[in-house]
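S.K.: Single-letter residue listing:
There are 2 protein chains.
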Amino acid sequence: MSVFALDGGLRAADCDADAGLLAGGAAGPAALRPLLETVVAALERGAVERGGPLPRGGPEAVAGRVRAVAGPVLPEVGAGAAAALDALVGVVAQGAADPADPLCAAHLHCPPLAVAAAADVAASALNPSLDSWDQAPAASEVEALVCRSLARLVFGAGRASDADALVTTGGTEANQLALLLARERFRERFSGRGGAGGVRGVRVVCGANAHHSVHRAAWLLGLEPPLVVPAPRGVLEPAALEVALRGVAGAPALVVATAGTTDAGAIDPLPGIGAVARRYGALLHVDAAYGGPLVFSERLRGRLAGLECADSVTFDLHKLGWQPVAAGFLAVPDAGVLRPLGHCADYLNADDDTEAGLPDLLWRSLRTTRRPDVLKVAVTLRALGRSGMARLVERTCAAAGELAELVRGEGRFVLYGEPEISTVVFRPAVGDDALVAGVRRRLLERGQAVLGRASLAGRLWWKVTLLNPLVRPSDLAAVVKLVEEAMEEGTGA
Amino acid sequence: MSVFALDGGLRAADCDADAGLLAGGAAGPAALRPLLETVVAALERGAVERGGPLPRGGPEAVAGRVRAVAGPVLPEVGAGAAAALDALVGVVAQGAADPADPLCAAHLHCPPLAVAAAADVAASALNPSLDSWDQAPAASEVEALVCRSLARLVFGAGRASDADALVTTGGTEANQLALLLARERFRERFSGRGGAGGVRGVRVVCGANAHHSVHRAAWLLGLEPPLVVPAPRGVLEPAALEVALRGVAGAPALVVATAGTTDAGAIDPLPGIGAVARRYGALLHVDAAYGGPLVFSERLRGRLAGLECADSVTFDLHKLGWQPVAAGFLAVPDAGVLRPLGHCADYLNADDDTEAGLPDLLWRSLRTTRRPDVLKVAVTLRALGRSGMARLVERTCAAAGELAELVRGEGRFVLYGEPEISTVVFRPAVGDDALVAGVRRRLLERGQAVLGRASLAGRLWWKVTLLNPLVRPSDLAAVVKLVEEAMEEGTGA
Ligand SMILES: Cc1ncc(COP(=O)(O)O)c(C=O)c1O
Ligand SMILES: Cc1ncc(COP(=O)(O)O)c(C=O)c1O
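Chain order of the listed sequences is A and B.
Taking our numbering, the leading residue of the first sequence gets 338, the next gets one more, and so forth.
Taking our numbering, the leading residue of the second sequence gets 338, the next gets one more, and so forth.
These aren't lab readings, by the way, just hints derived from the structure by calculation.
All figures in this text were calculated on a predicted structure; none of them were measured in a lab.
Backbone N, C-alpha and C define an ideal beta-carbon position, used for all residues, glycine too.
One thing to keep in mind: the hints can contain errors.
With the C-beta cut set under 7 Å, the calculated list includes, among others, these residues of chain A facing chain B [said to hold, decoys possible]:
no.	residue
1	Ala349
2	Leu359
3	Ala407
4	Ala451
5	Glu478
6	Gly722
7	Pro810
8	Lys818
Derived Cβ-Cβ restraints for the label pairs, each shown as a range [claimed, not checked]:
no.	chain 1	residue 1	chain 2	residue 2	range
9	A	Asp689	B	Arg393	52 to 60 Å
10	A	Ser498	B	Gly673	50 to 58 Å
11	A	Ala494	B	Ala420	21 to 29 Å
12	B	Ala494	A	Ala356	47 to 55 Å
13	B	Asp351	A	Glu397	39 to 47 Å
14	B	Arg393	A	Ala586	57 to 65 Å
Residues on chain A that point at chain B, a partial pick, calculated with CB under 10 Å [what the hints assert, rightly or not]:
no.	residue
15	Leu347
16	Ala379
17	Gly388
18	Pro392
19	Ala420
20	Ala443
21	Arg485
22	Gly493
23	Val662
24	Arg719
25	Glu739
26	Arg749
27	Val751
28	Arg777
For reference, chain A alone in the conformation it holds in the complex:
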């Protein structure tokens, strides 16, 4: 008798009593239906109770409301599915900073498409795991198709026949993988595989405008800290890059350029950067986490000229692609460069299974168990088509242009520059950094607006990252008006 034996053993009656427990199987969908309705109703109620872009009262007030509803986190006896969903989804919705509200525009934090959020349910209910074929027979094929298709879009017709992409948790993981691939490529080239000697060999070179995840990735991977090229105008300039590469001559280098900076949405001059990198034998990674989706638009993709020459590209659809998190990608022009990620684990990809035709999936990620985040992307691309994605991208960028005009029209503001994607950066014509920071926090505290902040050219600015394709001219005017009002209070005017 097993030490685990239940009194009386396993009983079919217990299973009958628990019908409706699981999301999968033939009975799962029927179990899901009423619970999904509970969730939708709680989302509806939460949005009404919030009544704006974010909850009122600031961190302590919000945390207090959450604690009142969410505790005890682990009661001895459960509250039941409906009660738990209603309470917790309700309080999280009420206390959300909702990017679907046009006044929530601080970060690269997009309002997800309803079609994508709905598709995500199937991932949760079926729970395929992409680390082996026998956990995800169909989902793994969907992933392969979407990855190749997006990689072809990124690298264009000329270079795309062997292009592929990996799905990541976001731009951060994509940048990590890019640095890792460079580390391993140079390790192979300079000191043979396996030895430890080459690990610190690759030098990452990036602009001061690069995302912080590049620095964190170098640290994670045990590399030297990146060599930072000054970028006083907010972009990595080829001439400055050349000076830096000359300084590290001899060392294998990975240049990281940015197509859509976090602070200002600026696009580095990729053709010039690519030429310099090639001249110095450096690899080129382009972090297009933000700007990448311009490729959907015939009108706008020219802004990313030079992208197709990169050795790897971070591409992200949970920013300018309206996907629920996570929907990151690392695209490469040639799937062969992904070989260093190959990894053998007998229970997942034994040689005899691979030879017998069971696909090896373990090289597609450093994760093991892995959710099919790609499913919602596949459904979105199919639902909207290239032209539908282009329309949303174009409309979002147009909104930034209109907001910039509004700001420029007000004598009280200084505009940082013409938006290159969908970020508008401005500050008061008169007033210091403390005023900028204070206005932003005041709007947050009151639940009126979520605006971002950016440190650029030695000063602090407001940052409005527009990612809502349904933003209206009246919303843009409301942003300006709220800032003006909060500014007047701040200066005591």
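Guided by the hints, dock chain B with the ligands onto chain A, whose structure is given.
M.R.: This is chain B with the ligands only, laid out in the frame that chain A set:
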């Protein structure tokens, strides 16, 4: 005029025409409702069409069906939300290996609870991102509460006041973080922060039974490959560990023990391992990705005695916790050890914002944008309570005991050992490894059952990882019968 200007500018009419586009906001729930029904119907149809634990025909047949439905991945003109959801969710459901089917029992791949899958929708629809407070005011507090609560459960009353946990994409990322924390801790201790000298200083020591992600993490982090202690009986034995630690005397070491091995569900003798690690000044990480949830059960948690002495613990609720992927955790007895993950990015956690009371969240992960995977966990714990989780854990473990008895009762099989959690490992009394591998593949190919494989004690075994709490005695008998039948064909009997 902006280069992005749309013909005629932004028009409110375009927004009206696109009502129903977004999942969030006050109108989002109404947009979601019909799409969720489309998904549920497609899941229902897919399960019926599949009619078993996985699709028939093997990889080529499944891929062909997917390609027929999913192409073109990026059409020029979209198919619309309903059509795209219906087609793609349908084909992924039809082609799923569904862990809710009792005959799908190969991997640590669990059937998710309906309540958890439903809660996950709220994460997708609201899209909070846990890298800053102003993207996730309420969700960040829910995460903090759940993490502390689970960490207290893991470390027990004695040691838990400062315990905390980080949410990860799974056991793999949790193990990576554990190695990273050890690397940084020793770096600080031996050579001061910032310098590169200490990076390769920490030596990872694990049993041959440890998960492959430990090895991959060492590689990722630029550490020496782990020192592997032979584990002929499937567990890391304190005496063998002591020999290994003596061999690396002087080097700072991280011992990795496993509480629930991937291959056999074996639990390393933690008290003995902890004593040896302490004696040699080594840190101890326990990978309890599989066995961790035994802590929910008063009856079973004694099997994890010694866990509370670990310096870090991998704990995972997408295995024996019935969560949709991802639901991983790294628990630590003292939140202070997480300090090396601290990271500053002005736009997310500027000092003046932190001083003004906006919580800094960036140290909770190496990711930046981050989905609130914790919401479904919070809802599940609340819905089931400790006793409900315990009941599911106990029932699942009991099923393994019953299957082991069935197998032992058949003269044709050899049982690897008494199950310690919910994994049953066996092989034919007569027959070679090729027979074992062939039977498994035959059952996959025909869509009859998803069984796992394990290499143990120099031979190949079938592995049945039971994670379905609704498994019935008749299902267990069906597993045995299918294996017998496929084996007879394999031997030509
Ligand atoms: C330019 C850039 N790269 C990378 C990232 C990181 O992406 P994620 O937050 O999806 O990890 C960001 C995030 O804002 C970004 O702006
Ligand atoms: C013992 C053990 N540790 C870690 C992992 C990795 O967990 P995940 O697949 O969630 O990343 C596994 C996966 O099966 C495992 O069995």
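S.K.: Taking the least C-beta to C-beta distance, is lysine 818 of chain A closer than 7 Å to chain B?
M.R.: Given a least distance of 17 Å, the restraint on lysine 818 of chain A is violated.
S.K.: Would you settle whether the hint for glycine 493 of chain A is holds or violated, based on the nearest Cβ-Cβ distance to chain B being less than 10 Å?
M.R.: 14 Å, violated
S.K.: When the nearest CB of chain B is found for glycine 388 of chain A, is that gap smaller than 10 Å?
M.R.: 9 Å, holds
S.K.: Per the CB criterion, is valine 751 of chain A less than 10 Å away from chain B?
M.R.: 18 Å, violated
S.K.: Could you check if leucine 347 of chain A really has its C-beta closer than 10 Å to a C-beta on chain B?
M.R.: Holds - the Cβ of leucine 347 of chain A comes within 10 Å of chain B, reaching about 5 Å at its closest.
S.K.: Using the nearest Cβ pair, does glutamate 739 of chain A come within less than 10 Å of chain B?
M.R.: 6 Å, holds
S.K.: If you check the beta carbons of alanine 494 of chain A and alanine 420 of chain B, does the distance land in 21 to 29 Å?
M.R.: Given about 28 Å between the Cβ atoms, the range holds.
S.K.: Just to be sure I understand the hint, the distance between the Cβ atoms of aspartate 689 of chain A and arginine 393 of chain B should be within 52 to 60 Å; is that true here?
M.R.: Given a distance of about 22 Å, which is not inside 52 to 60 Å, the answer is violated.
S.K.: Is the hinted range of 39 to 47 Å satisfied by the C-beta distance from aspartate 351 of chain B to glutamate 397 of chain A?
M.R.: 40 Å, holds
S.K.: Does valine 662 of chain A pass the interface hint, meaning its C-beta sits closer than 10 Å to a C-beta of chain B?
M.R.: Status holds, d = 4 Å.
S.K.: Once the shortest beta carbon distance from arginine 719 of chain A to chain B is found, is it less than 10 Å?
M.R.: Status holds, d = 4 Å.
S.K.: Hint validation: alanine 451 of chain A versus chain B, beta carbon distance must be below 7 Å. Holds or violated?
M.R.: Holds, because the Cβ-Cβ distance from alanine 451 of chain A to chain B comes to roughly 4 Å (cut-off 7 Å).
Hint compliance for this structure: hints 8, 9, 12, 22, 26, 27 are broken, all remaining hints hold.
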